[in-house]
Structures are given as C-alpha cells and as structure tokens.
Amino acid sequence: MPDTLIIFVVLLALAFDYINGFHDTANAIATSVSTRALTPRVAVWMAAALNFLGAMYSTGVAKTIGGDLVKSAQMVNQHIIIAAIIGAIFWNLLTWWKGIPSSSSHALVGGVVGAVLVSTGYDALKIEGILKIVAALICSPVIAMVTGFVVMTVLLWIFGRKAPSRINPKFKKAQILTAAMMAFSHGSNDAQKAMGIITLTLVSTGYLTSLDVPIWVKLSAATAMGLGTAAGGWRIIRTMGSKIFKLEPISGFASDLNSSLIIFGATLLHLPVSTTHVVSGSIMGVGTSKRISAVHWGVAQQMLMAWVLTIPCTALVSAFAYKLMSFFF
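Residue numbering for the sequence shown follows UniProt numbering, beginning at 1 and increasing consecutively.
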C-alpha cells in the first residue's frame with residue numbers, strides 16, 4: 001500500500017495536469033472561437049474530449065520527462081518532486097491570472113531543476129537530457145513561426161483573389177477539423193508530463209522497476225487534463241485569439257493546422273514541447289505573412305519575456321519550497 005506522501009505526490013501531479021488543462025485550453029480553441037467557427041461552449045467540450053483521447057495515445061514524452069531530467073530515479077525523493085510541482089503550479093496560476101500565455105512544460109522542467117539543485121546537487125541532473133528537452137522547447141516555436149508563414153503564404157497564393165464572403169464559410173467549417181487536430185495533439189504531448197512525474201515517483205520509491213507508465217496513471221492524467229480543459233481558461237483565450245493578431249477563418253485554419261502538425265510530430269519523436277509557444281509562434285508567422293505590422297509585437301514581447309523567465313522563476317520557487325519543507329520535515 002503506497003504511503004501517504006506518495007499519494008499526495010500523485011494528487012499534486014494530477015492537480016498540475018488539471019491546471020495545465022485550463023491554462024492551455026486556449027491553445028486548442030482560441031483561434032476557432034475568435035473566428036466564430038465554434039461557440040465557446042462547443043469548443044471547450046470538444047477540446048476536453050479530444051485532450052483525453054490524445055493523452056491516451058502514447059507514453060514516449062512521459063518517459064522523456066521521467067528519464068531525461070535526472071540521472072537516476074533513486075536520486076530524487078517525494079519532497080523534491082513535491083517542490084518541483086509546487087513551482088510549476090505557482091507559475092501556471094500566476095501567468096493565468098495575468099492572462100499571459102506561458103509554458104507548463106518550461107515550468108515543470110524549471111521546477112525539477114531547481115528542486116534537484118538545492119537538494120541532491122548538480123551531479124544528479126542529466127545535463128544532456130535537459131539540453132535536449134530545452135532545445136525542443138526553444139526551437140519548436142521558431143519552427144512554428146517559419147512554417148506558419150509558409151502555410152499562410154501558400155493559402156493566400158491559392159485563395160487570395162477570392163472574395164472573403166466566398167471562402168470564409170468554407171474555412172470556418174475546416175477550422176472545426178483543425179481545432180479537433182489541435183486538441184488531440186495537445187493532449188498527446190502535455191498530459192504526458194504529469195504521467196512522467198508520477199511514474200518517476202513510483203520508480204524512485206520502488207513501486208515500479210521501469211519508466212513504463214501504468215494504465216491507471218494514463219487514465220488519471222488524461223482525465224485530469226480533460227476536466228481542466230472543460231473548466232476553460234478564458235483570460236488566455238482572449239490573448240491568444242485576438243491580441244497577437246486579428247484572425248480570420250483562413251488564418252485561424254492555417255495556424256491550427258500548422259500547430260497541430262508540429263506538436264504531434266514532437267509527440268512522435270518523444271519530445272516535450274510548449275503547446276502555448278508553438279501556437280503563439282504559428283499565429284505570429286501567419287500574421288507576418290499578411291504584413292509585419294499586423295502582428296501586435298508588444299503582446300509578443302510580453303510573451304517572450306514570460307518564455308525567458310519561466311524556467312529560472314519556477315526553479316527559484318521550487319528551490320524555496322524544498323528548503324521550506326526541509327525546515328519543517
């Protein structure tokens with residue numbers, strides 16, 4: 001029978017997954033809601049269902065999170081993992097409250113790094129694995145911006161001379177498909193981060209012998225993500241849907257299609273990426289294809305600041321949380 005502390009870690013990881021769900025709802029539905037391809041209620045429930053299905057797709061990203069941040073599961077304990085999750089949750093709630101799109105993936109990586117550094121030390125970190133994860137987190141939005149520009153340019157070349165009244169209704173319908181793709185790909189990547197943390201905990205405490213994710217962990221993480229998505233994240237939806245670039249059905253379609261393919265490609269490669277930053281990069285690339293001034297670069301700058309600050313800030317919060325627990329326990 002697992003001890004109380006392990007149960008607490010599992011529940012805290014699922015809480016992170018739930019918060020991740022409502023924090024990142026905007027990733028899946030902001031474009032389709034802002035162009036009125038879907039009503040907010042329908043979009044949220046569709047995203048919740050497909051987030052759940054996506055979370056059940058694979059466990060490759062979970063194994064990366066569980067195995068590439070620390071050299072050995074035996075070098076971490078429950079207090080370290082609790083501190084890491086606290087740091088990630090703190091940052092997610094702060095940025096959600098401010099309406100700033102930020103990365104739950106960056107937050108979790110920063111949380112683990114900060115807690116491990118102040119507890120076990122630098123030698124416990126798997127530097128090559130962390131660099132691989134950070135490279136994926138950094139490169140993916142840049143790639144999304146470039147490919148978003150290309151996708152939108154091609155669509156404008158094909159449909160640019162047609163009257164908006166003729167093509168907008170068709171792209172609104174097509175957006176339902178791309179929003180569904182986006183929601184599935186989001187679940188396939190983001191829900192696995194909590195799975196990886198829970199599995200790492202179970203290996204470090206001897207309840208598992210490998211990082212193979214148990215079915216109950218998959219189901220619980222998928223459910224938490226789906227429920228969080230159903231709760232919505234309207235502050236960030238407004239930022240993603242209108243404050244970066246005024247989307248139309250054709251540009252919303254381009255953004256969702258581009259984002260979903262990049263995120264699902266990362267899932268197939270077992271790489272965790274920030275769905276928030278991939279979607280943001282796609283929207284910026286799509287907007288730039290129209291004209292550079294069409295993108296609200298002030299909002300983009302604010303998001304870039306959150307991108308840069310997330311890992312160090314969550315590392316500091318998790319380090320403080322670990323020290324505080326050490327003082328009391």
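Careful: at least some of the hints might be erroneous.
To be verified - Here are the simulated distance ranges between beta carbons: (1) Leu304 x Leu269: 20 to 30 Å; (2) Arg41 x Met305: 42 to 52 Å; (3) Gly129 x Arg161: 32 to 42 Å; (4) Phe328 x Lys173: 51 to 61 Å; (5) Phe159 x Ile7: 22 to 32 Å.
Unchecked claim - Here are the computed lysine-lysine pairs in the PhoX-like style, where the Cα-Cα straight-line distance is at most 25 Å: (6) Lys71 x Lys162; (7) Lys162 x Lys173; (8) Lys162 x Lys172; (9) Lys126 x Lys71; (10) Lys162 x Lys323; (11) Lys126 x Lys63; (12) Lys63 x Lys172; (13) Lys170 x Lys290; (14) Lys126 x Lys290; (15) Lys290 x Lys71; (16) Lys173 x Lys63; (17) Lys172 x Lys290.
Derived from the structure by calculation, the hints contain no laboratory data.
The C-beta atom is built at its ideal place from N, Cα and C for all residues, glycine as well.
Here is what the structure says about each hint:
1. Look at Leu304 against Leu269: about 25 Å separates their beta carbons, and that is inside 20 to 30 Å.
2. Distance hint check for Arg41 and Met305: the Cβ-Cβ separation is about 33 Å, which falls outside the suggested range of 42 to 52 Å.
3. Evaluation of the 32 to 42 Å hint for Gly129 and Arg161 yields a failure: the beta carbon distance comes to about 50 Å.
4. Checked against the given bound of 51 to 61 Å, the beta carbons of Phe328 and Lys173, roughly 57 Å apart, stay inside it.
5. Taking 22 to 32 Å as the suggested C-beta distance range, the pair Phe159 and Ile7 does not conform, at roughly 55 Å.
6. For the suggested pair Lys71 and Lys162, the alpha carbons sit about 57 Å apart, so the restraint of at most 25 Å is broken.
7. Taking the CA atoms of Lys162 and Lys173, the gap is about 17 Å. The hint holds against a cut of 25 Å.
8. Between Lys162 and Lys172 the alpha-carbon distance is near 15 Å, which keeps this suggested pair within the 25 Å criterion.
9. With a C-alpha separation of about 5 Å, the suggested pairing of Lys126 with Lys71 holds against the 25 Å cut-off.
10. Pair hint Lys162 plus Lys323 does not hold up; C-alpha atoms about 62 Å apart against a cutoff of 25 Å.
11. Taking the CA atoms of Lys126 and Lys63, the gap is about 14 Å. The hint holds against a cut of 25 Å.
12. Taking the CA atoms of Lys63 and Lys172, the gap is about 37 Å. The hint is violated against a cut of 25 Å.
13. At roughly 20 Å between alpha-carbon atoms, Lys170 and Lys290 fall within 25 Å of each other, so this suggested pair holds.
14. Distance restraint check for Lys126 and Lys290: the Cα-Cα separation of roughly 43 Å exceeds the 25 Å cut-off, and the hinted pair is therefore not satisfied.
15. Restraint check for Lys290 and Lys71: the C-alpha separation of about 47 Å exceeds 25 Å, so the hint is violated.
16. Distance check on the hinted pair: Lys173 and Lys63 sit about 37 Å apart at the alpha-carbon level, beyond 25 Å; violated.
17. A threshold of 25 Å between alpha carbons decides the hint, and for Lys172 with Lys290 the separation of about 19 Å falls inside it, so the pair holds.
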